[in-house]
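Protein chains in written order, with this note's numbering: chain A, 905 to 1128; chain B, 166 to 364.
What the hints contain is simulated information worked out from the structure, not anything from laboratory work.
Positions of the beta carbon are idealized from the N, C-alpha and C atoms, including for glycine.
Honestly, I wouldn't trust all of these hints.
What the hints assert, rightly or not - Computed far set for chain B versus chain A, every beta-carbon distance over 10 Å: (1) D273; (2) A286; (3) V294; (4) S315; (5) P321; (6) G330; (7) V333; (8) Q345; (9) S347; (10) D349; (11) L352; (12) I360; (13) R363.
Unchecked claim - Pairs of lysine to aspartate or glutamate residues, derived as EDC-like cross-links and limited to a Cα-Cα distance of at most 16 Å, are as follows: (14) B:K346 x A:D1078; (15) A:K1091 x A:D1054; (16) B:K346 x A:D1082.
Said to hold, decoys possible - For the chain A half of the interface with chain B, some residues (derived, Cβ under 8 Å), not all of them: (17) S963; (18) A972; (19) R978; (20) A982; (21) I986; (22) S1034; (23) G1040; (24) V1041; (25) A1043; (26) S1047; (27) S1051; (28) V1073; (29) D1078; (30) L1100; (31) N1101.
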Amino acid sequence: MSRRRFAIALAISVSASGAIRAQQQSATALVNDPEANAQLMSIVSSARDAGLPIEPIVSKVQYAVVVAHAPAPRIVAAARAIAARLEVARDALMPQPSGLEIAAGADALGAPGVEPKQLRAVRAASPRQSVVVPLGVLAQLVSSGVSSSDATQIVTDLIKHGVSPRQLVALGNDVNSDIAHGETAAKALDIRWRGLNAVLAPGGGASAAAANAPGLSATGPKKP
Amino acid sequence: MTNSDNDPVLRRAIDDLRRLPPLDPEAVRRVVSAAAIARVSPAEDDDMIVAPPSRSLTVWAVVGIAAAAAFVGFALRGVWTSHASAPARVVASAPAAAKLRPIDMGSDGLPVPQQFVFENARAHRVSIVGDFNGWNAAKTPMLHTPDGTSWSVIVPMLPGRHIYGFMVDDSIFTLDPRAQKSRDADLGTEGSVVIVGRP
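My request is simple: use the sequences and hints to build the entire structure.
Below, the structure is given as structure tokens:
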């Protein structure tokens, strides 16, 4: 490591703790309730001490104040809930999840029907690569009405077949766009999956993967 | 005078290291003992390349020892803290930890530019707010397009799923009609969604 890089790394590490403290204080300062403020500080401090990323908690508080105009007790409850999801996500994404992955996992756990087992499945499909984008796609598919099991199946299958994060995002966006235009979630997922399947490498396991995915087929949507 | 005396970056690094918390003498002793045990005896040929230690090397040796001792100090402090206040955590055993390999985060840490457009001819000011800017309307104002009908901004965003909206005239939160939506799990309110892929 060059001297300059060493000095920069050192400066960053020295200033990081101050930045985190400032972030923590700026978020809790938004809440005009001393008791709630103390509770929020305690939640953030506990999360930090447990090695969890605190940005999602701070962001939740900021969102609750600025956009949702939530009362103080609700803000505290929301902060506590996201802190709990961060811990669950960290455990589900073991062995060495990054802060971004833990945050993405907690976000996905907030989608209806997404459970730790779905996070574990995504991690198992991608043990050496980041799962930030796959978890984001999973969360949004589920938020749009795709069942959590179908969404998990398709995301993990795509990962296993080497689909790039960009392709994953495109699939998620396309499915959601179709749903927004009146398509059912299952049919939108099936149509877009087949479209992606057509451009994947021939001879790959993509077709088999699609055939195995619940509610999906490589040849066309199943009738309900 | 050596390079290290003239180099302000190095001087700063040394000064910063000197400001670290007090060291545990016992920890330092353990580090030094471990280093002495692990030290490999130099080969006989090494005599040929032994040179008198320069002042620069001495400074770096001091820096190295200080860094190692500080690391041990921080590590011990972390152990004590986790025992004292942190909730129960699963600590990987040494053999298990040895098997761990870092996950390739690729370019997850690199922001990707995303363009946002919002049509509103009557607004006086429009900002984009989201989890990427602390929901702060002052941070990312949008620019009026020349025809006066729309607002636009390009925001560097980290890969992943982000929730956002537009703040019209500093007070009215508006969803992006072009984007997907998501309901907040804890507060029940809706936000617009963008999923950013890795470059």
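Here is what the structure says about each hint:
1. A beta-carbon of chain A is positioned within 10 Å of the beta-carbon of D273 of chain B; the least distance is around 5 Å.
2. Distance to chain A confirms A286 of chain B as a non-interface residue, since its nearest Cβ pair spans about 24 Å, more than 10 Å.
3. A cut-off of 10 Å between C-beta atoms contradicts the statement that V294 of chain B is not in contact with chain A; the least separation is 7 Å.
4. Even its closest Cβ contact with chain A, about 20 Å, leaves S315 of chain B beyond 10 Å, as expected for a residue assigned away from the interface.
5. Distance check on P321 of chain B: its Cβ is at least 15 Å (rounded) from any Cβ of chain A, clearing the 10 Å threshold; non-interface status holds.
6. At roughly 7 Å from the closest C-beta of chain A, the C-beta of G330 of chain B falls inside 10 Å, breaking its exclusion from the interface.
7. The non-interface label for V333 of chain B is consistent with chain A: the shortest C-beta to C-beta separation is roughly 13 Å, beyond 10 Å.
8. The claim that Q345 of chain B lies off the interface is violated: its Cβ sits roughly 4 Å from the closest Cβ of chain A, which falls inside the 10 Å cut-off.
9. Once the 10 Å rule is applied to beta carbons, S347 of chain B is inconsistent with being away from chain A; the minimum gap is 4 Å.
10. Annotated as non-interface, D349 of chain B brings its C-beta within 10 Å of a C-beta of chain A; the closest such distance is 7 Å.
11. Distance check on L352 of chain B: its Cβ comes as close as 4 Å (rounded) to a Cβ of chain A, failing to clear the 10 Å threshold; non-interface status is violated.
12. Against chain A, the non-interface label of I360 of chain B is violated: not every CB pair exceeds 10 Å, the least being about 5 Å.
13. A beta-carbon of chain A is positioned within 10 Å of the beta-carbon of R363 of chain B; the least distance is around 5 Å.
14. Simply put, K346 of chain B and D1078 of chain A have alpha-carbon atoms about 14 Å apart, close enough for the 16 Å limit, and the pair holds.
15. A hinted pair counts as satisfied when its Cα atoms are at most 16 Å apart, and K1091 of chain A with D1054 of chain A qualifies at roughly 12 Å.
16. Between K346 of chain B and D1082 of chain A the CA atoms are separated by roughly 13 Å; this keeps the pair inside 16 Å, and the hint holds.
17. Annotation: S963 of chain A was flagged as interfacial toward chain B, and the flag holds, the nearest CB pair being 5 Å apart, inside 8 Å.
18. With a cut of 8 Å, the hint placing A972 of chain A at the interface with chain B holds, because the nearest CB-to-CB distance is about 4 Å.
19. Checking R978 of chain A against chain B by beta carbon gives a least distance of about 7 Å; that is within 8 Å, so the hint holds.
20. Interface hint status for A982 of chain A: upheld, as the beta-carbon distance to the closest one in chain B is roughly 4 Å, under 8 Å.
21. With a least beta-carbon distance of about 7 Å to chain B, the hint placing I986 of chain A at the interface is held under the 8 Å criterion.
22. The criterion of a C-beta within 8 Å of any C-beta in chain B is met by S1034 of chain A, whose closest approach is roughly 5 Å, and the hint holds.
23. At a threshold of 8 Å, the smallest CB-CB gap from G1040 of chain A to chain B is about 3 Å, leaving the interface hint in force.
24. Interface restraint check: V1041 of chain A against chain B, minimum CB-CB distance 6 Å, threshold 8 Å, status holds.
25. The restraint placing A1043 of chain A at the interface with chain B holds, with a minimum CB-CB distance near 6 Å, inside the 8 Å limit.
26. Given hint, S1047 of chain A at the interface with chain B, holds; its Cβ is 4 Å from that chain's nearest Cβ, closer than 8 Å.
27. Look at S1051 of chain A: its Cβ only gets to about 16 Å from chain B, farther than 8 Å, so that hint breaks.
28. With a cut of 8 Å, the hint placing V1073 of chain A at the interface with chain B holds, because the nearest CB-to-CB distance is about 4 Å.
29. Given hint, D1078 of chain A at the interface with chain B, is violated; its Cβ is 11 Å from that chain's nearest Cβ, farther than 8 Å.
30. For L1100 of chain A, the interface hint is violated, since its Cβ never comes within 8 Å of a Cβ in chain B; the closest pair sits about 14 Å apart.
31. For N1101 of chain A, the shortest C-beta to C-beta distance to chain B is roughly 19 Å, which exceeds 8 Å, and the interface hint is violated.
Hint compliance for this structure: hints 1, 3, 6, 8, 9, 10, 11, 12, 13, 27, 29, 30 and 31 are not met, and every other hint is.
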